[in-house]
Amino acid sequence: KQEVTQIPAALSVPEGENLVLNCSFTDSAIYNLQWFRQDPGKGLTSLLLIQSSQREQTSGRLNASLDKSSGRSTLYIAASQPGDSATYLCAVGVKAAGNKLTFGGGTRVLVKP
Amino acid sequence: GAGVSQSPSNKVTEKGKDVELRCDPISGHTALYWYRQSLGQGLEFLIYFQGNSAPDKSGLPSDRFSAERTGGSVSTLTIQRTQQEDSAVYLCASSLVPSQGWTEAFFGQGTRLTVV
Numbered sequence: 001k002q003e004v005t006q007i008p009a010a011l012s013v014p015e016g017e018n019l020v021l022n023c024s025f026t027d028s029a030i031y032n033l034q035w036f037r038q039d040p041g042k043g044l045t046s047l048l049l050i051q052s053s054q055r056e057q058t059s060g061r062l063n064a065s066l067d068k069s070s071g072r073s074t075l076y077i078a079a080s081q082p083g084d085s086a087t088y089l090c091a092v093g094v095k096a097a098g099n100k101l102t103f104g105g106g107t108r109v110l111v112k113p
Numbered sequence: 114g115a116g117v118s119q120s121p122s123n124k125v126t127e128k129g130k131d132v133e134l135r136c137d138p139i140s141g142h143t144a145l146y147w148y149r150q151s152l153g154q155g156l157e158f159l160i161y162f163q164g165n166s167a168p169d170k171s172g173l174p175s176d177r178f179s180a181e182r183t184g185g186s187v188s189t190l191t192i193q194r195t196q197q198e199d200s201a202v203y204l205c206a207s208s209l210v211p212s213q214g215w216t217e218a219f220f221g222q223g224t225r226l227t228v229v
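Keeping their order, the protein sequence lines are chains D and C. Just so we're aligned, residue 1 is where the first sequence starts under the working numbering, counting upward by one. Just so we're aligned, residue 114 is where the second sequence starts under the working numbering, counting upward by one.
Hint data in this document are derived by calculation from the structure and do not stem from the laboratory. Take the hints with a grain of salt, since some may be wrong.
Listed next, the in silico DSSO-like pairs over lysine-lysine satisfying Cα-Cα at most 30 Å (straight line) [what the hints assert, rightly or not]:
1) Lys170/C / Lys130/C
2) Lys68/D / Lys112/D
3) Lys95/D / Lys128/C
4) Lys130/C / Lys1/D
5) Lys130/C / Lys42/D
6) Lys1/D / Lys112/D
7) Lys128/C / Lys1/D
8) Lys124/C / Lys42/D
9) Lys170/C / Lys128/C
Please construct the entire structure, taking both the sequences and the accompanying hints into account.
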């Protein structure tokens, strides 16, 4: 059974610092990995999708890497801003299961002005 | 529509009553998923639709839960005889499935269900 872990569970940084969020998964036979952002009381906003054949994806200040063999992904957010404060979730999909997603518990990020 | 739409956004119901939650996916997305987010359990998968068929219902917690999808579009999640442990946020997601496989999942804003 796939298990996804995100460490740390919470993170507080001053504005301008780079953020590093970690995600690990137990079964390397994934189809893709997706990073989401969730604001309090809201749904999930997709940030980046990495296919299993890819090593990284970039969008603006966000960069996500994937090391499938070691079961790890890292989300980097450069030059953090207070508006980056949210919970970040990673999720892995399995092709045989219609790409249903297994989620980590999330990392709650606070960027202090 | 432009995004995944869920209704109602909030629902308070009495224990024992039935509730229906609606999801309107992004137009053209053939894959549709229901997830549940609760404080103690995180985000958990409930059911997956491809078109109108549900090849994976493994996450439905009991036979009080059912879902259907019609016209390859709108889906309804029904919870019968609601219990307090059903209180959670129910999230719907949809995904495009081109020939090369599934693309990213887009989520709705969720329905917050409170059973009193």
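Structure-based check of each hint:
1. Lys170/C / Lys130/C: holds, 23 Å
2. Lys68/D / Lys112/D: Violated. Lys68/D to Lys112/D sits at ~33 Å, over the 30 Å cutoff.
3. Lys95/D / Lys128/C: violated, 38 Å
4. Lys130/C / Lys1/D: Outside the cut-off at roughly 34 Å; violated.
5. Lys130/C / Lys42/D: holds, 26 Å
6. Lys1/D / Lys112/D: It is violated: about 38 Å lies between the C-alpha atoms, which goes past 30 Å.
7. Lys128/C / Lys1/D: Violated: Lys128/C and Lys1/D sit about 33 Å apart, past 30 Å.
8. Lys124/C / Lys42/D: With a Cα-Cα distance of about 15 Å, the restraint between Lys124/C and Lys42/D holds, given a limit of 30 Å.
9. Lys170/C / Lys128/C: holds, 24 Å
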